[in-house]
Every structure is written in structure tokens, then in C-alpha cells.
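Q: Take a look at the letters that make up each chain.
Protein chains: 2
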Amino acid sequence: MKLSIVKIGGNLIEKETALEQVLENFSKIEGPKILVHGGGKMATQMAEKLGVETKMVDGRRITDQETLNIITMVYGGLVNKTIVAKLQAKNCNALGLSGADLNSIKSVKRPVKTHDFGFVGDITNVNTNMFSLLLNNTITPVCCAISHDGDGQLFNTNADTIASEIAIALANEFEAELYYCFEKKGVLRSIEDEDSVITDINTEIYQALIKENIIADGMLPKLHNCFHALEKNVHKVYIGSVDMLGNEKEIRTTITL
Amino acid sequence: MKLSIVKIGGNLIEKETALEQVLENFSKIEGPKILVHGGGKMATQMAEKLGVETKMVDGRRITDQETLNIITMVYGGLVNKTIVAKLQAKNCNALGLSGADLNSIKSVKRPVKTHDFGFVGDITNVNTNMFSLLLNNTITPVCCAISHDGDGQLFNTNADTIASEIAIALANEFEAELYYCFEKKGVLRSIEDEDSVITDINTEIYQALIKENIIADGMLPKLHNCFHALEKNVHKVYIGSVDMLGNEKEIRTTITL
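So the sequences go chain by chain: Y and V. Position 23 of the first sequence, counting from 1, maps to 23 under UniProt numbering, and the rest follow consecutively. Position 126 of the second sequence, counting from 1, maps to 126 under UniProt numbering, and the rest follow consecutively.
Don't read these hints as lab results, they were simulated from the structure. Computed from a predicted structure; not experimentally measured. No incorrect hints appear here.
Identical copies look the same in the list; a pair holds intra-copy or inter-copy alike.
Derived SDA-like pairs (lysine to any residue); straight-line CA-CA distance at most 25 Å:
1. Lys236 x Gly246
2. Lys15 x Asp149
3. Lys2 x Asn136
4. Lys106 x Asn137
Okay, chain Y solo, but in the shape it has when bound (with noise of 0.2 Å):
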């Protein structure tokens, strides 16, 4: 049976109608799904808001107790309560999950080498017999970007690596598609050309594209993810924006080995 494991971005969960139309299109997919998110930008507003200082270093947040705390408030509840809400309003019957939850996504401390990123976690197990419990149920799982140790201790952790590492775990049983949804169409060949999408990436496209320079900065790790996922067992996986959800000839970007 096909699932939908759908990721979406930052940029669609700030805006109030971008997001109500990525949850529209979302509810409208047929059978089981999961939805993936995390709210970086509104964590970084209720930071300021709060004078805590949000720290980076290549373009990662370093997790402090305090930022722990605001992503724990930000992504647990305000994001993920609102998603759930509109999505019962859809009929479709959605529940809300941390890693925590049902201890469905399990994480160790990211080792310190050259920096301690704090409160980040890299994911080390899906719960792969709660998942199925729920998505048997006709239950839709919402995922934000929070995992645990199993200790008690939460973690920070990146929302593309939580849905491709669902999608890795539930690909035995389900013919796993991945969708990594954003602001624009595709991947771009120009970031000032809207239209530039490249439809195909494979493994030897995807070199190319890197000695061009074409793909850098956060798409590096997104198609690492994405090539991941297709290694280990993934059926498909596409980068697009909110229009790709249920309609397949909507222009996106195909990923392949």
C-alpha cells in the first residue's frame, strides 16, 4: 500500500493561507499519511521576542536549554496543535506526535567534534510498530522536528531527516513516497528564475549540479536525504512546492538512484 510522508517547509507554515493550502491539498491525499514539520523561523521570532539570543554555526541553531524550551512551545505545541486543529476541521483525523509521543522517534546527543550543537538529537530509531498502528487506524500522524532519548531528555532535530527516516522505516511495509514541500517548484537551476526547475535529478545529475555550483547551502543536505531515502528502500521521492501534493502533473522535481 503507498504512503504519503510529506515534509513541509518553514515558509508555509508562517503564512497563514500558504498554510491552509498546504493543508487542504495535504488532507485531500488518499490513503495513510504522515505530516512533517518544524517551525524554525517562529521559534527564531519567539526568541527575540523573549531575548534569547538564537546562536548558528553553518546554518545549524545551537540548542540551549532556553531554545530547547522555545522549540519545545513553539513546534510541540503552537505549530503542531494549530496543524492538528485545521486538519480535524478537513475530516481528517489527525494526531500530533513529538519523538517522545508513543516514543516513536528515538536520539542520542549529537557528538561534540568541532562544535556541541547542545540539544540536538541524531535519530537512532522510528517506532515503526506505533506508526503502523496508527496509520491501520486511519489516524494521521503530525510530526514536528522534536525527538527524545528515552531518558527523558528532548531533542532538537532536523524536520527533513525526520521524514526520510520515517519513510526509511516504514518502507518495508509501505510503498514509502517522500515529499519535501517548499516555496518554490524544485529544485532551481537559478534561484532568480522561478520556472528554471530541474524535473529529473539522479545520482549523476546530482554531481554535476554540485561542480556547478547549482545546488549549495541547504539544498546540499536535502538531496543527501533524499538519495538516503532512495537507498534504503524508499519508492519515490520529489521536491515541489504545495501545488505537487495529489496532483501528479504538476511540474516538481523527481529524485532517482
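For this one, chain Y is given, so just place chain V on it according to the hints.
A: Chain V only, in chain Y's frame:
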């Protein structure tokens, strides 16, 4: 089968050691169980930090949009996920829920009479099918004091009432026992004397205590919830400290009709 529904008060949530003890005792309760929590004091503190004025009328919070956002962050995010992670560490398969999650608790906006309480919901339905599904799979729901209207709106909802309405809704299927857990050992005859616990209160004693002005303020609606639950077939209702959980010999107040 026995089902324990435990509501924990704000003073127990705020203090690290008190919370640890509550969760330790709660996790040891045998059989199916449900935890219900608010977090009013932490929400008030967060509102102060964010410069949002807390408006109270007759001891009840008026919930405007900003306050609802704070409640969703604090109750649904920080408090709920902290509790869930700690329970998982104690081998209790906890699942955090707002009323929107699994459409577990539906409500309508409280009608405007003398005051408009804003985004405050009066419960209209508890989703017994979903609670049964969870309990039958040895999952422990951890419910925060938030409900929803089914049309996408979250509502601030009294945690005592959530606990009693869940107990009532499940009273047909289970032998429901309701525990109101707070910082005192029970209902006190004299607020200055911690040892003046009234061990048994029935309808008759209740009326006498009200006449004597011994029961007043916050204890009135709590006891109202207790009697309402008993009238609706909840098996047993207790008010007491964390020490009463899992220990029938501990002093506490037992409510009977």
C-alpha cells in the same frame, strides 16, 4: 476493568521535584490510566515575559488570541512534552493529546453572559472510541487543558472538567476512578492546618461545609466536578496529594454521593 484518571494541579507541574514524584507514582499505577494537566501558572509567567496582560474575571482567565497562543505553547508544548518524555523514561507509553488530537475532546465557545471569556470552550463530546483504542493498546493518554470545536479553533478548557468529562465518558466501559491531585493532602477543614483533612465528603456533608464557609473559592467548582462525575457513574472520586497515587492507605478525601 479499573481505569485511573489522574488530574495534576499547577503547583505540582511547576516544581521539578514535585513533578518527578507525581510522574513516578503515576507511572506505577497498574492497569489503564490517563493523566490530565493544565499549567496555568507557567502560562501566566510566560505571558508576563512576553508582555501579554493576564485578564482574570472571578478567578477565571479571559483567553484572547495572544493568550490562547501562549496556552497552546505552554500546555500543549512545553508542559505536555516534558511530561511525556519523563513518563517514557519510566516505561510508561505516554501520548500527549490536546482535544484536537484524534478529535479527542470537542467543545463550543462558552456563551457570552455577563462576560466574554474569549477562546474558552465548554466540552460537548469526549471521543470514547479513540480513548478506548489507545487504552486497549496500553497507551497512556496525557491530556492538556485544550479542546477544539472541530472547525479548526482551539479552546482553553478547565483541566478539572476535562478530567471529570473523560471519566464520565469512559464510565460505561471501565470502572473509572478519578483522582484530583494537588499540593494538599485533601480538602482541609482549616486552610492553615495541613493535617485537617476531611477524609469523607458526601452530598450532605458538602452542603454543611458550604454553609460553614469551609468550602469556597477554587474548591467549589472542583467539588462540583466530583459530584457531577459520581452522578454520571464514575466509580470513585478522590482529592489528595501525590502520595495517594498507588497507595490506598494514604490520607485523602474520598467523595461519595
